[in-house]
Amino acid sequence: MSVAHSVEHSPVKSETVGQVERDRLRMMMLIRRFEERTYQEYTKPGQRIGGFCHLYSGQEAVAVGIAALYQKEKDYLINGYRDHGHSLALGMEARPAMAELFGRATGCSKGKGGSMHYFQAEVGNIGGHGIVGGQIPLGTGAAFSCWYKKTGGVCFTLFGDGAINQGTFNEALNLASLWKLPCIYIVENNHMAMGTQVDRSSAERDLAKRGSGFNMPFRNVDGNDVDVVIEEFGKAVDRARRGEGPSYLVANTYRFRGHSMSDAMKYRTKEELERARQRDPITIYDKRLRERGFIDDAWVESTESEVRSIVDDAVKFADASPHPDLSELYTDILSENYPLQK
Amino acid sequence: MSVAHSVEHSPVKSETVGQVERDRLRMMMLIRRFEERTYQEYTKPGQRIGGFCHLYSGQEAVAVGIAALYQKEKDYLINGYRDHGHSLALGMEARPAMAELFGRATGCSKGKGGSMHYFQAEVGNIGGHGIVGGQIPLGTGAAFSCWYKKTGGVCFTLFGDGAINQGTFNEALNLASLWKLPCIYIVENNHMAMGTQVDRSSAERDLAKRGSGFNMPFRNVDGNDVDVVIEEFGKAVDRARRGEGPSYLVANTYRFRGHSMSDAMKYRTKEELERARQRDPITIYDKRLRERGFIDDAWVESTESEVRSIVDDAVKFADASPHPDLSELYTDILSENYPLQK
Amino acid sequence: MPEIQFREALRQAMTEEMERDENVMLMGEEVGEYNGAYKVSEGMLAKFGPRRVLDTPISESAFSGIGVGAAMCGLRPIVEFMSWSFSLVAFDQLYNNAANVRYMSGGQFKVPVVFRGGNGIAHQLGATHSHRVEALYSRVPGLVVVSPSTPYDAKGLLKSSIRCDDPVMFLESELMLNDRGEVPEGDYTIPLGVADIKRAGDDVTLICWSKCVKMCLKAAEELEKHDVSAEVIDLRTLRPLDMPMIAESIRKTHRCVVVDEDWGYCGMGDGIRAKIYDELFDELDAPVARVSSEEVPVPFNHHLELAMQPSVEKVIAKVNEICYR
Amino acid sequence: MPEIQFREALRQAMTEEMERDENVMLMGEEVGEYNGAYKVSEGMLAKFGPRRVLDTPISESAFSGIGVGAAMCGLRPIVEFMSWSFSLVAFDQLYNNAANVRYMSGGQFKVPVVFRGGNGIAHQLGATHSHRVEALYSRVPGLVVVSPSTPYDAKGLLKSSIRCDDPVMFLESELMLNDRGEVPEGDYTIPLGVADIKRAGDDVTLICWSKCVKMCLKAAEELEKHDVSAEVIDLRTLRPLDMPMIAESIRKTHRCVVVDEDWGYCGMGDGIRAKIYDELFDELDAPVARVSSEEVPVPFNHHLELAMQPSVEKVIAKVNEICYR
Ligand SMILES: Cc1ncc(C[n+]2csc(CCOP(=O)(O)OP(=O)(O)O)c2C)c(N)n1
Ligand SMILES: Cc1ncc(C[n+]2csc(CCOP(=O)(O)OP(=O)(O)O)c2C)c(N)n1
Ligand SMILES: [Mg+2]
Ligand SMILES: [Mg+2]
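So the sequence lines, in the order shown, correspond to chains A, B, C and D.
Taking the working numbering, the leading residue of the first sequence gets 95, the next gets one more, and so forth.
Taking the working numbering, the leading residue of the second sequence gets 95, the next gets one more, and so forth.
Taking the working numbering, the leading residue of the third sequence gets 148, the next gets one more, and so forth.
Taking the working numbering, the leading residue of the fourth sequence gets 148, the next gets one more, and so forth.
Be aware that a few hints might be false.
[What the hints assert, rightly or not] Straight line, CA to CA, 25 Å or less: simulated PhoX-like cross-link-like pairs of lysine-lysine: (1) A:K243 - C:K461; (2) D:K257 - B:K436; (3) C:K422 - D:K465; (4) C:K465 - D:K422; (5) A:K274 - B:K303; (6) C:K461 - D:K186; (7) C:K372 - C:K257; (8) B:K360 - C:K194; (9) B:K436 - D:K465; (10) B:K168 - B:K244; (11) B:K138 - C:K186; (12) B:K168 - D:K257; (13) D:K186 - A:K364.
The set of hints was computed from the structure by calculation and includes no laboratory data.
Hey, can you work out the whole structure from these sequences and the hints?
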């Protein structure tokens, strides 16, 4: 039934039964592959990727679940700096995504934004943002534009478990609820803010309760099960589209990699990691689709090699792409020419 | 029993039965008189008081209730800009209080702070503060110093119903609860932020619930009844002194005057004001003390004229006081002399 | 031409642009039912309704970011700060988000939002409520900073700012809202990035903006009596700066005083003076002088508050100093 | 003298001062269990325990204000910003509270708090994480701003800052934390408000601080080969500024270049240059030049990022320009 539900929400039109589900699993696999290859590229000698780089491995079900509900012609999505997965899920090609990490002119932000600042205007991807919590008001503003223009669109506003301790969280959630803006506030709770466990950053350990004071729905969601994500987020999206206002959802998940590349993860035990592997969103969904008879070994193998070649191609593309011309330093700052007479 | 309770908390030692209560009523009357005279002085021709000026008339039970629980040698109090009442309740003389409004050198802040910035270091009055919500972290810091030094002291951190919509509210309450700091967060809910009713500023109309996500006690308190304030705040203070952490209290009250002097109060009906007058904290407490046989007409009359003459004297004092010397412009900026070798 | 108040000029600009473009809307504290803390938006809620004129909670970070985010998504918000001093609690939203989103996205987004409100020292509001923010925002690539001195300029510049596709910090002055001046009814605009000679002169160039323009004009009158002819340039836009007009004037006068209500060190005045030194060093017959506020927090006492700030007398004294008279 | 890293020098300063004064403590993001995002506070939690070394949530406004409030109440907090860029979300707590509380209370409170962390452009962190905040804070009366360039200075200046009764903004650089230098074990301090001549010279004065000092020393070496003798002044304290030392140098060289990693307009470099023009105009044989970053948001691409910033080459070119060679 979550399938039915998701299909009803999904912009993807499925010719054959199970196609929608296979596409979702494929996207999770592509994201995973993209991130793991990024890890290799970043850490290998003669490093061609620089700056902060935050990998999404382990959290794929959230981005892919959102993509199932996302309506490109009217919705928006905004995120923190852990933004590769969502961008791919919303349809960004692997080439401009990888090229951005390499800082090349062919990157999704022309090499000016980097890993933390993926943008894709034509699908409403209003960006990855580096300042923790800084994107929450921006996402609320995107939702405001939907409300103002009565488009029926919503804004998925994502942030981490550490970001709820920023002031913008309180200000934006209250304002969105007061104005009934179609904003879906999503905490991707991977239980760590850099090296800080949630119980050392939030006095209230149940992060759903952190959203209890705003007169809007708040609840925990299993962020490792894409069907649950679609089901639960779907209710909030329907509500927002109906004009009944925002919701606050905590997607509980896990990041397999360190916070960023420099993180030695001393705070993490082998056992914890093993437990997490048991709930790997890809494993969970793979198992389910096999049970449903939607996939088999052959499909998985061919998809594995497909996503591998897509990412290989993206790396080749990025590596072959030119650096931005030095003149690019001075472009894209202002939209107008001054003096400005209008 | 609330009396017993409050005595147990009160630093005031009473010789005769009812003395503590009479002192509290007297203080409420003094604050009211001070504020009403300030109103006259501000609005009369040849105005000698300038700048923003926010009167406390109607909210006296909160400040006087706090004073009953306040231990001068170790507690702290911080507030917004509506700060005359609390300062008087903590023992500031009417003279330096009024002189500050006149901007004179004899003012509690040497005429440099004005109405919004009353300070009295020796009693732990760490100030009135003009930026809405800006004082919440400072008060949390004062509570931190009590925690760090293990003094058993607490910090009363006051702010308005509008201030809970600042980001500092979320950040400070979470942090104080996480660290179990002895901070008493008090919303003086007079139901208006300037011209904005609470139901137009907070999505959650029950302001107590705005504090529900921090794993700390939160509740509404009748802010017009000084005995209830002492009783309810007392529990939070005891808890904090025991090292069990902060509490969040909403004192529901009313301001009889406008937000500041320029406020025409178009948002308010005669009927609303009349209903509020029925719950005037002074009337309520006056009635109760009469019932208890603690006061009579004679006492009220003499106290009326006493506070009147105290305030008259304060105005004369302020008016006769010198303006700060122009050299004062350059003092009190830094504590050290530079170059600084230490 | 009808004579109207500065606040009415601002209101006309907002009203006309909202009538002209459905995507323009106004939000801020008390802008609606209260008709504006300083009555700038009086009647606008009644005229446009609660969808286009929105009262916000006291949440500057949220509603500043909402303005930026909505601008990224096709609206043209006008965000009122009750005072620019309160923008400091939303500083990151302006300094980072408004200014950088276009660049970081490789030019995929424009950010047509106007932030406006009273800037600078008013009347005994104390240290926290009297900030002059021009230098804080004028230094930022990606932002445009405008600060008018007359009702006429205010209307024309605000209309241009609302039509501008870049984030504009529009700095008014609470103390000027009652000023009256001739303002045409209906549509006209004043270009952004163009200064205005409010008074022509030959001996010395007085550079100023906002509240200090009146002060400089008074000083110029006084100086005239002593045969010093001062040219008064009202910058109107602080970023981008109209250097061509400044240069033309200094090539004529060879002397210049910048009048800045802010603290001196690393302030607007220093930024302008540095540009002048860099471009016109050989034209100068004297140091480019600055009259600014004393480097102290703004005191409450009114005498101290006045003593802290630039004044007609201080401007005249400084002019005499650099004219070696 | 032992050679140690910049980060170790900082750690020694904090550790020694915490041993010396029970009221000194450290708080910030990841300073404890994670041993510091950049390992500056490594081992300090183990040594001092969770009461004196506190990990904070990502709540800069709260813990900055806690630092100020605790300082008003007798503690001497050290507050670490993982990056000074993140101080922008707490801007009001520093710009208003830390700076004004003493003045507004008529001198009743002192505010002995140190805010410290990495400032400026690091390595491909992008526009929002590469802010240079020296001008933002150096302009504020009530604040002290310090920015060391060597491990030796870092330890001595940080100890002085911790003992200082005023709020100190201590600006480090992530890119310098691995730098090694000789640092005495045990106690010594370096005065606040005193610059340091890192290299003596006669022909031109190079004014710099933090990361740019190394750059200027390299440039001076190159210039030496072409018979230009450059004096390199490391300001060390940006507010209050050591004008006497600057003046003495310029009275000797009559030429000056200020090297500032920030944007030029209304930046630190302009503030310093303005003071020089005001005090030393007649001593100058050429304009006081500035080498600063291009006026653009900091780009991610490393080539662009480097092209944006000052460099040895740019400094040399500017020196040659003002020496008319
Ligand atoms: C205002 C601000 N403070 C600090 C940082 C540094 N920082 C970057 S990510 C991060 C941890 C955030 O954790 P969380 O919100 O849980 O997101 P996650 O990384 O787990 O996805 C911190 C402290 C920042 N970027 N912005
Ligand atoms: C950050 C900030 N924004 C706006 C203001 C202007 N302002 C001063 S008081 C006030 C209303 C506050 O109402 P509330 O918090 O309920 O306190 P009350 O005045 O009722 O005591 C506003 C908007 C300010 N001082 N600071
Ligand atoms: Mg996390
Ligand atoms: Mg109120």
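Is the hinted pair C:K422 and D:K465 satisfied, with a Cα-Cα distance of at most 25 Å?
-> Holds, because 16 Å separates the two Cα atoms, which is no more than 25 Å.
Given hint B:K244 paired with B:K168 - CA-CA distance at most 25 Å | holds (10 Å)
Would you check the hint for D:K186 and A:K364, treating anything up to 25 Å between C-alpha atoms as holding?
-> holds (24 Å)
When you check the alpha-carbon spacing of D:K257 and B:K436, does it fall within 25 Å?
-> holds (16 Å)
Agreement of C:K372 and C:K257 with the hint, judged by alpha carbon distance not exceeding 25 Å | Violated, because 50 Å separates the two Cα atoms, which is more than 25 Å.
Regarding the pair A:K243 and C:K461, is the alpha-carbon distance no greater than 25 Å?
-> Measuring from Cα to Cα gives roughly 53 Å; hence the hint is violated.
Verify the proposed pairing of B:K360 with C:K194, using a straight-line Cα cut of 25 Å.
-> holds (19 Å)
Is B:K168 within 25 Å of D:K257, Cα to Cα?
-> holds (18 Å)
Please work out if C:K465 and D:K422 have their alpha carbons no farther apart than 25 Å.
-> holds (16 Å)
Holds or violated: A:K274 with B:K303, Cα cutoff 25 Å?
-> With a Cα-Cα distance of about 19 Å, the restraint between A:K274 and B:K303 holds, given a limit of 25 Å.
Between B:K138 and C:K186, does the CA-CA distance stay at or below 25 Å?
-> holds (23 Å)
Can the restraint linking B:K436 and D:K465 be considered satisfied, given a maximum Cα separation of 25 Å?
-> violated (38 Å)
Hint violations for this structure: numbers 1, 6, 7, 9, all remaining hints satisfied.
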